[in-house]
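Chains as they are written, first to last, in this note's numbering: chain H, 1 to 175; chain G, 176 to 432.
Quick caveat, the hints were computed from the structure, so don't treat them as lab data.
One thing to keep in mind: the hints can contain errors.
As the list claims (entries may be wrong) - Simulated coverage check for chain G against chain H, where a stretch passes if three residues somewhere in it have a Cβ under 8 Å from a Cβ of chain H:
id, region
1, 205–219
2, 296–309
Claimed, not checked - Ranges of calculated distance between the beta carbons of each label pair, as one might list FRET restraints:
id, chain 1, residue 1, chain 2, residue 2, range
3, G, THR392, H, PRO96, 36 to 42 Å
4, G, GLY243, H, ARG82, 17 to 23 Å
5, H, ALA64, G, PRO332, 50 to 56 Å
6, G, GLU419, H, ALA68, 31 to 37 Å
Where is the CB? At the ideal position from N, CA and C, for every residue including glycine.
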Amino acid sequence: MPARALAPEAARAAAAAVTDPELPVLTIAELGILRAVRVSPDGVVEVDVTPTYAGCPALEAIEADVKAALRVAGATDVRVRRVLAPAWTTDWITEPGRDKLAAAGIAPPSPTGHGPTAGHSGTAGSGPVDLTLAVRCPRCGSTATRELSRFGPTACTALRSCASCREPFEHVKAL
Amino acid sequence: MSAGAVVDPPVAVYATRLGDDTLILAQRLGGWITNAPQLEEDVALANLGLDLLGQARMLLTYAGEREGLGRDEDDLAYSRDERGFCNVTLVERADADFGEAMARLLVFSVYQLLLYDRLSASTDPTLAAIAAKAVKEVAYHRDHATQWVLRLGDGTPESHRRMQAGVDCVWPHVDELFETDDLERALVAEGVAVDRPGLRAEWESYVRDVLTRATLTVPEPAAAPVTGGRAGVHTEAMGYLLAELQHLVRSHPGATW
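Chain G extracted, bound-state conformation (with noise of 0.2 Å):
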């Protein structure tokens, strides 16, 4: 499998990163089913892991479609080992409370809103219309992370600490969100990737934004930045995560209901 991915044609090693991102950061938020803070959230959270989940599945068949050796989402998301998922670490992570959910949300959410606007306008057909469907969720997703971590930062000193710490915790992961390498730039020269580094700043602007209105301090730039997702270089939660995503389809390989 390894191997696959010196054969796989660029435009599939990108929406399978793209694919695997958002796959992985809906199995987070379905964890937080029946432990979010209130009812209403286990539902909201519920709602965009799934819109989350819907994109992936579209990403991922599509990344199935042009890699060209039969496969489809499911044996990309229930058949690869560690090593072969490419999703950022930013979205593996395992949420110590909920403040650090939310914190994730809001710089993940800004960064993917910003890049499926851009990805909507791709020479890719398939890759356009994907991010012209997903870019009016993930509007709700970013507006929802931001109320909470302004309801948080500014809320009470626990909350407030708690928010703050969720904010450190998730800052080292940030500049991995931004890394770019040849294939995508080699993709972006023919209008179907999305120049990472490009939307840096205009993330800034508004995470910089939202955190000075909920009281919260803006991290350094993290001395140490946490990355290698890309590459299938993954931090010690995602095989935790994998086991629970992938354990009913391996155990009972073919099962269907």
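Isolated chain H, as found in the complex (with noise of 0.2 Å):
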């Protein structure tokens, strides 16, 4: 038995400070997928997450990484559930967040109009996916930037170079 229930405000940051695997520089939470954290009476902590895409692989060590983190935050008894609606778009991904990719020199996404705000999931993929019409390079600033291919070393980026100081940059793509 836990002496003392940990606080949820302090499960809570626990959780939100964990970092993505895959984008180190953004938080679970900056990036969005962190949907709730729960403490029990009895102290147990259930921590909600969603997948950025279906196959993500970096779920698993973020769900390990929650557990760590809960720990050494003082809770005995960390579960985490993973839910699927509604659905992560690269909407969920904070301002902050957003700023954080773009000073570690990936561009962040486009709006898609699929957010947490919107009230909507499905049926995104009735239309075309969407464009992206000018992506500024993380660098320079120059919108003269192309898409060198649209599938990057994680699921979430595409790769993209800049015309104007020549340099290549990821892009988290929107989804």
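Bring the two chains, given one by one in their own frames, into a single complex with the hints.
Put into structure tokens, the structure is as follows:
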């Protein structure tokens, strides 16, 4: 029996500070995949996370990191639940998260209109893929960039290059 | 295991059908890693395969839960024999070349996008959530296949020839995508499943447009359509595919890392 249940705010803060293994400049809260943190009266901490992509291989690592972070914060029993609805879109990335991506040389995604406030899930695929008309180079700010490959080193990024500063960069593609 | 099909709740069978389609196509796409025409394409097909594998894991996990026999995603993927798999034959084909791989991806992703779009409104909350998650990913798959079919079809004489050959090879498998049966008709009536035959007109419209723009000939309807996958009757390619997919787990039962 735990001596005392972890305060909900402390549990939330510990989970929110876990970073994404593939985009380590972002916390899972900034990425928008941390959905809820609950502490039951008997001290069990339950954390809801949602995958970015259905096959995201980082989710198991994230779950392990969340459990470890909460144990360090004083929780003894931690359960991580995967939730699917509402489906994550790149609109769930917070404004500070977008700024951090850009500062790390990764172009943030364009808005999709299917975010946490849009109150909409599904049917996004009925139209064509949302095109990104102008992606700004995160290094020099030029919009003279082009897509090298829509599929980058992780499921959520594409590869682009900048015609102005000649640098290649990653772009979190709108989903 | 074959007796299981009789007692399975229909929704478990349905989820298994959808899950097997994605699992087997993920395996085929994985086979292109290091073999694609360019490095970026290796990465792209790996990413598409990973999306499909993620969908397969969710669908087969759910199938196992609803089946109620204590089987999880791994049991379903690694412990069933060929006759226990109910994927369509289209996804199990061994690609003769990259053109055929892209023809198959176009045919399948156009169908899957329509399916998931409808399924995201299913009365089954789990199927709806999986479909709503996956539909945006599949939009990228369809776009990727479309770009390649246009580029190869309207490319050099050799790329055009091979792209056309690819389309011709996968065409006899198209009818099976839109087949239905009593089990699915009952689920459609409950709002759980998607009416597959009802997807065909929109599918035809998109695929015909792409093939035409790619200067390719839309094949005539197949005289002898290949079918049977849903009932576990597969083509010769399936046994070899499963041997690769399952041999490690079967050789070392219960092994972990």
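In rising order, the numbers of the hints this structure does not comply with | 3
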